[in-house]
Amino acid sequence: MASGIGLKEMTPAMPEEATRVYGEPSVREFAGIVHAHRPQIFRFLLASTRDVDLAETLTQECFLKAHRSWDSFRGESSAMTWLMRIAINLEKDHWRNRRLQFWRLTRTNSVDLDEASDWLPSGERTVEQHLIAKEKVAKVWEVVAKLSGRQRTVFLLRYVEELELADIARSTGLSEGTVKAHLSRAVSKVRAEVKGK
Amino acid sequence: MTLRREIEQTSQMDEELQQTLRDFRSSVHAWSEAEFSKPHKPVMVSRTSWRVAAGWALGCVLAVGSVAGGLYERHHQQEQAKIAAAAAAQQQKLAAEQRKESEDLFAKVDSDVSREVPSAMEPLAQMMALDSTE
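Going line by line, the protein sequences match chains A and B. Just so you know, we're using our numbering here: the first sequence kicks off at 1 and counts up by one. Just so you know, we're using our numbering here: the second sequence kicks off at 1 and counts up by one.
Note that these hints are calculated values from the structure, not bench results. All values reported here derive from a predicted model rather than from experimental measurement. Take the hints with a grain of salt, since some may be wrong.
Not everything, but these chain B residues come out facing chain A in the computed CB check (under 7 Å) [unchecked claim]: (1) Leu17; (2) Thr20; (3) Leu21; (4) Asp23; (5) Phe24; (6) Arg25; (7) Ser26; (8) Ser27; (9) Ala30; (10) Trp31; (11) Glu35; (12) Tyr72.
Pairwise CB distance ranges (calculated) [claimed, not checked]: (13) B:Glu15 <-> A:Pro121: 18 to 24 Å; (14) A:Asp93 <-> B:Ala85: 51 to 57 Å; (15) A:Asp93 <-> B:Glu79: 45 to 51 Å; (16) B:Gly59 <-> A:Glu142: 29 to 35 Å; (17) B:Lys38 <-> A:Lys146: 24 to 30 Å; (18) A:Gly149 <-> B:Val64: 46 to 52 Å; (19) B:Val64 <-> A:Ala145: 34 to 40 Å.
Think of the CB as a built atom: it goes at the ideal place given N, C-alpha and C, for glycine as much as any other residue.
With the hints as constraints, model all of the structure from the sequences given.
Laid out in structure tokens, this is it:
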């Protein structure tokens, strides 16, 4: 599992007080970005793939790619939006490559939908209420698994990461109108499943 | 349902759906935090590598097996076709020989029979000869 490997270990050794020069972020600056955004990127990739190992690998790749192309980041969007865009592209590339490797399709570490819904905190609910809530969460997972790639990405960014529509549009490279359309279709499907229509 | 109507419905979500989506969010956050705080397990990486290697090996064996099977089948079919062609040629040759033998035999019989049968005018010639002697 890659979670124990910090990005700091992957970056070349640089003086602590090094300032940012062209194409080489200071270790401290980049480590700060990793520390701030790594949990969110990992969470998005975990929800997208339901595969812990894959999510960790893609998270590592995301920060490695971000480190390599740091000079192309102009600060027009937030670092989070920029990192999320890299993560989305990596995930897309992964599935595209995976389709060609047909024997890999038989091997997947994805967690079952029921198992994914087991993580619902019980809170202050009764046992019965918790079970009902868990069933509904399992239904949401079922719908999410059946959504198209774009719909799933938009849905997870909105309802798991709670990003604003404008940020989702920037992260996915879609227009806000398209994001709204994908989102409403995804929510309609979730509503139909949860309400048993 | 039109897109505008769908968007309106999304913005006016009922409490039940909102609660379900909040629960979904909480479950993803809890799962992510639990996985994120787990210690590093290098065994998983090596196991994955081993599985990948086994997958490749199995894929190669299947590919080689299919190609070899295909080639063997093709070779077998070619051999069968050659044997069938040789057998047909042999049969044709035998049939031709038998036909020739039969034709020779019929020709021989025809010539023997024709030699044994008397000439059609012979009895008349004999009678005429007897008359003249008398």
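How the hints compare with the structure:
no.: 1; hint: Leu17; result: 6 Å, holds
no.: 2; hint: Thr20; result: 4 Å, holds
no.: 3; hint: Leu21; result: 5 Å, holds
no.: 4; hint: Asp23; result: 5 Å, holds
no.: 5; hint: Phe24; result: 4 Å, holds
no.: 6; hint: Arg25; result: 5 Å, holds
no.: 7; hint: Ser26; result: 6 Å, holds
no.: 8; hint: Ser27; result: 4 Å, holds
no.: 9; hint: Ala30; result: 4 Å, holds
no.: 10; hint: Trp31; result: 4 Å, holds
no.: 11; hint: Glu35; result: 5 Å, holds
no.: 12; hint: Tyr72; result: 24 Å, violated
no.: 13; hint: B:Glu15 <-> A:Pro121: 18 to 24 Å; result: 19 Å, holds
no.: 14; hint: A:Asp93 <-> B:Ala85: 51 to 57 Å; result: 56 Å, holds
no.: 15; hint: A:Asp93 <-> B:Glu79: 45 to 51 Å; result: 49 Å, holds
no.: 16; hint: B:Gly59 <-> A:Glu142: 29 to 35 Å; result: 31 Å, holds
no.: 17; hint: B:Lys38 <-> A:Lys146: 24 to 30 Å; result: 29 Å, holds
no.: 18; hint: A:Gly149 <-> B:Val64: 46 to 52 Å; result: 35 Å, violated
no.: 19; hint: B:Val64 <-> A:Ala145: 34 to 40 Å; result: 36 Å, holds
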